Every structure is written in C-alpha cells, then in structure tokens.
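These protein sequence lines are chains W and X, in that order. 1 is the number of the first residue of the first sequence in our numbering; add one for each residue after it. 1 is the number of the first residue of the second sequence in our numbering; add one for each residue after it.
Worth flagging that the hints you see were computed from the coordinates, not collected in a lab. You may find that some hints are simply not true.
Unchecked claim - Quick list of in silico lysine-lysine cross-link-like pairs, DSSO-like style, CA-CA up to 30 Å: (1) X:Lys27 / W:Lys49; (2) W:Lys240 / X:Lys27; (3) W:Lys49 / W:Lys240.
Just so it is clear, the structure is predicted and the values come from calculations on it, not from any experiment.
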Amino acid sequence: MSPRSHLALLSFAWGALGRRRGRAVALLGGLALATTLLAAVLFATAALKGEAERGRATQPDIVVQRLVGGRPGLIDPTDLAFVAQMPGVRRAEPRVWGYVFLASLRANVTVVGRREEPVDLGLVRGALMSGRDARPGERGAAVIGKGLADLLRVREGDVMSLPSAREDAPALTIVGIFDSPVALYTSDVLLVGADDARAILDVPAGRATDIAIDLANPEEATVVTRAILDKEPALRVLDKRILARTYRLTYGRRAGIVLAASLPAILALLILAWDKLGGLGPSERREIAVEKAVGWSTADVLYEKLYESALLGVLGVGAGIALAYAWVFLLGAPLLREVLSGWSVLYPDVALTPSIDPADLLALVAMVLAPFIAVAIVPAWRAAIVDPMSAMRT
Amino acid sequence: MSRPAPLVALFVEAVLLSALAIHARAKRVSRGEDERAIAAVSRLMPAADLSLAGAARHLRFPSLEEPAAAFTDQPGSPDTNPAGGALAPPTDVYMAIGAPSPGKSSPQPLGRGPSLATPR
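Kindly produce the complete structure, drawing on both the sequences and the hints.
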C-alpha cells in the first residue's frame, strides 16, 4: 500500500471520528485525564528528586551521630576527637542544630547554629532576600527563612525570642531573610550563632548535635564508616549517598502509592475503550459494508480502524502530557504536591523545576498508548471481516 | 473532510509539546542560576533534606532519624506519621501536652502581629 493510500485512510479515519463525535470526545477525554494523572505524578516526583539532589554536592560526605538507647543523643568531645583522627578524614566539625516547637504556629522550627564557613551569604546572589548574613560568633542575630518570616509576620530589624529551657537564651534580632530560590532548604530555618543555638537548644558547651565530616577522598565513605563503627558502635554514620538514596526511595514510594491508587482509573479507561471501540453500531456496520462493497479490502478497513485508535491515542496522550505540565509546573501541582512531599505548616513556596527524564516519558507514553491501541486491534479485525451483504441487509 | 486535517492536528500537538519542552529548558536554566546560592546555603544546613515537612521531627532526616524507635520511618515503608502524607498531624495533641516554657518570655507573641521593632 502506497504512502498516499495511507494518508487517504488517515484522513478517512479522521472523518469517521468526526461522524461519531460523542464517542471520540469521551475516549479522548478519558485518555487525556488518565495520562494527565500519570504524567503529573512523574513530573512532580522527578522535580522533587531533582531539588533534593541539587544541594547534595556541598553537603558533608558523612555525618556522625551518637545513639543513646536507640535515639540520637548529644555528641561528646571525645567523639569529635575520635573521628577527627580517623585516617581519610580531612575535616570534622561539630554542628549544633535542633527543633523548637512554636505553639503559636503549631509547628517545629529548625534552629541551626552558624558554622564557621568563610562564605558571606549577603554576597551570594539569590541567598538573602533582604538584610545581611549573621556573622560567625555574633550574638543575638538571626537569619530567618522566608516561610517562617511570613508566618510570624516579622521582618528585618524585628526582635523575637524562642521558647527555651535555659534562662540565658537570647532574644534574636532578625538581620536577614533567606530568599525564595533557597526556600526549599530554609523555609523552616532560623540561622543563629553557634553559642545562641546552644543556649536556645540547651546544648552544653563542648557538646554538639552531630559531626559533619569531609573526607580527603569521598569514595572512601564506606571504608571510613566501617572503621568508625568497628571502633565505636554507639555512633551512627550517615553517608551522603545513603541520604540521596533514601530521598529517591521516599519520593518513589509516594509516587508508587499515588500511581497504584490511580490504577483503577486506568483500568476503567481500558474497559471504556474496549467497550466503545468493540461495539459496532448499526451506522458503523453500514459504513463498513459500503466501504467493502465499493472495493475496500479487509486490510484497508483494518488500517482505517487502527488509524482511528492511533489518532485518538496520540492526541489524547499529547493533551494529557500538556495538561500535566501545566498542572505541575505552571499551577504548582495543587493537591498532588502535598501527597508527594508531605504536609507542613511551613511549606516552602517554590515553583517546581522540570527535571524530566525522556526515557521515563517514553515509558509513560508506551504504558498508556500501547494498551489503548492493543485493545482496538480485535474490534478492528471484527469490523474488517464484516460481510457487506449481511451488514447491509441488517 | 480535507486530507491534511489529521496531519494539521498532529502538527499542532507537536508544536505545543515542543513549546513545553522549550519552557522546561528555560526554567531549568533559570534554576541553574540559583546553584551558587543553593550550594552556599545548603552547606550551612544540617541535612541534605528539604524543609518540605517540618512538623515532625524525623522528617529532616527521613527514614534515618531514629532507627530503633517505634513507629519511625524506614526506607521504602509507608509513613506511619500523618505529617508525611496529605493530612495534618494532630496539632491539638501537641498543644495539649506542650508545657509552658521555663525560659524567658518573648518580647512579642509569636505570629500574632507586628513586633516592637515594626513601625506602627
């Protein structure tokens, strides 16, 4: 069959869809909605995984915690001395951070003690929305996450205090507010001087929440982890790569749950497709009979019916992908984002960035389109072998 | 029905999807410009985890915070704490068990209005 004949059959299939507009719209809409649901989950999950990955490069290679009774306890100075002298450890720095529950917000705030990093956040474009960085060692100064600042309705220059078990916990002056591009990392954060963090969180001098370790060779993380645990089993070592894998698993699992929940909708669509494509109405039987009476071969009818399904499928899947893109990246994935990333009072207001793997997209298209066209083959064959004489008589 | 009609429909769809691909690329480039700020800030943060769900303590280190505690998350397991899902945690329970702080009082009630330093 020549390409011109195929084009003619394609045009005829397009016309046939127009003649049975109600059925075509029902199938197209069902297919587009099912694709939208699947593609939106895929897009949102990939975007969240991409964000989790983005900040990983500058994270410490491993983090050491102390376990007491199976729960995280405070790091002792001896722990710090022990890990600092381990072969392969380039830098070991104690960190002080923790959570404070604010009754007025009904939410936990993450209080982070400022590390002795040479970088001034005020000089980094996109880090601070207003104000300046808290200087290392500065007392009573805090840089606040944008989400938290909005919720507390505080701004640069305001003074606030956090609930603390210690009398010497300082009142904090807001000296800066984190900017939107880093809101995913800082929305619930109060960055304060290390001594202020100790006072607020009631961490005694010399002790710490955990130890951040940079390795001379990051590839040796597994070896160093094993060496630390062999000598000090009460410590727990978090490898950066394990954290990344946990994130992928977490989002993958949540996406899997959503996809599993939407499976009945996909099955319902396939049943609808089978029913609508399989049931030949009187007008369609008459149309096929006329086609065969004027010389169409069985192959011609088969092709024409398959083109009908393919046109519906391609247009429906394309519309679904476009709707999913708009839902996730233009509207911010309302309803879906809460399910995938979790509920929070201090939810960061950041637009998701597309991070789509073409292979995943192709797999999605194949997953929806292949069964849709496959369920049309048998009905198309049944239509193609209609006897024109009996069809016209009935 | 004219012959090019289905081809036109497919062409329009291809153009629409291409436009979305270009938009996606532009957004990725725009986000790429934030890399330096993200690197500087995430270096100061306690974990690689995002502040997506700050209501439950374990969520800044999902699945790894308390490996031996009851009802903790495990890699690949369903969330037992509703803070990890679409539902809010029982904040009324938090309120009921939250003891008043023995520390110093706040110069302003948090979240209830402008502070002393805010111009009236």
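Structure-based check of all given hints:
Between the alpha carbons of X:Lys27 and W:Lys49 the distance comes to roughly 16 Å, so the proposed pair stays at or under 30 Å and holds. The suggested pairing of W:Lys240 with X:Lys27 holds, with an alpha-carbon distance near 27 Å, which does not exceed 30 Å. Of the pairs offered as hints, the one joining W:Lys49 and W:Lys240 holds, with about 15 Å between alpha carbons and a cut-off of 30 Å not exceeded.
When held up to the earlier numbered hints, the structure conflicts with none and fits them all.
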